[in-house]
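> Sequence:
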Amino acid sequence: MFGLPMSTTLIMSGVMLFWVVYTIVFYARTKDWTLEDVDYDAKSDGLGPAGHSPLDPSAPGEGTR
1 MFGLPMSTTL IMSGVMLFWV VYTIVFYART KDWTLEDVDY DAKSDGLGPA GHSPLDPSAP
61 GEGTR
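Numbers 1 to 65, taken from the UniProt record's numbering, label the letters of the sequence shown in order.
Rather than coming from a laboratory, the hints here were simulated on the basis of the structure. Just so you know, not all the hints are guaranteed correct.
[What the hints assert, rightly or not] Listed below are the simulated SDA-like cross-link pairs for lysine to any residue, each with C-alpha atoms no more than 25 angstroms apart in a straight line:
| # | residue 1 | residue 2 |
| --- | --- | --- |
| 1 | Lys-31 | Phe-18 |
| 2 | Lys-31 | Val-21 |
| 3 | Lys-31 | Leu-17 |
| 4 | Lys-31 | Met-16 |
| 5 | Lys-31 | Met-12 |
| 6 | Lys-31 | Val-20 |
[Unchecked claim] The following label-pair restraints were derived from C-beta to C-beta distances:
| # | residue 1 | residue 2 | range |
| --- | --- | --- | --- |
| 7 | Met-12 | Trp-33 | 24 to 34 angstroms |
| 8 | Asp-32 | Gly-3 | 40 to 50 angstroms |
| 9 | Gly-3 | Ile-24 | 27 to 37 angstroms |
The beta-carbon is built from N, C-alpha and C at its ideal position, and this holds for glycine as well.
I would like the entire structure built from these sequences, with the hints used as guidance.
What follows is the structure, encoded as structure tokens:
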């Protein structure tokens, strides 16, 4: 292929194939992460004394993030 040795062609093709498969598997396994975050937030008990979470913009605090 393009005048390259067969071993170089196979190595390059293997790396590209690995990257495509890795990306597809990563996407398939992580497509529902937002649902996990929603479930986690609904079950957390991290509310402050006034019922605000630490990251709630309406919570009183000394600084901004």
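> Please go over all the hints and tell whether each is borne out by the structure.
Hint check:
1. Lys-31 to Phe-18: Satisfied, since the Cα-Cα distance of roughly 20 angstroms is no more than 25 angstroms.
2. Lys-31 to Val-21: 15 angstroms, holds
3. Lys-31 to Leu-17: 21 angstroms, holds
4. Lys-31 to Met-16: 22 angstroms, holds
5. Lys-31 to Met-12: Violated - the C-alpha atoms of Met-12 and Lys-31 are around 29 angstroms apart, more than 25 angstroms.
6. Lys-31 to Val-20: Holds. Lys-31 to Val-20 sits at ~16 angstroms (cutoff 25 angstroms).
7. Met-12 to Trp-33: 24 to 34 angstroms: 32 angstroms, holds
8. Asp-32 to Gly-3: 40 to 50 angstroms: The hinted range 40 to 50 angstroms holds for Asp-32 and Gly-3, with Cβ atoms some 46 angstroms apart.
9. Gly-3 to Ile-24: 27 to 37 angstroms: 31 angstroms, holds
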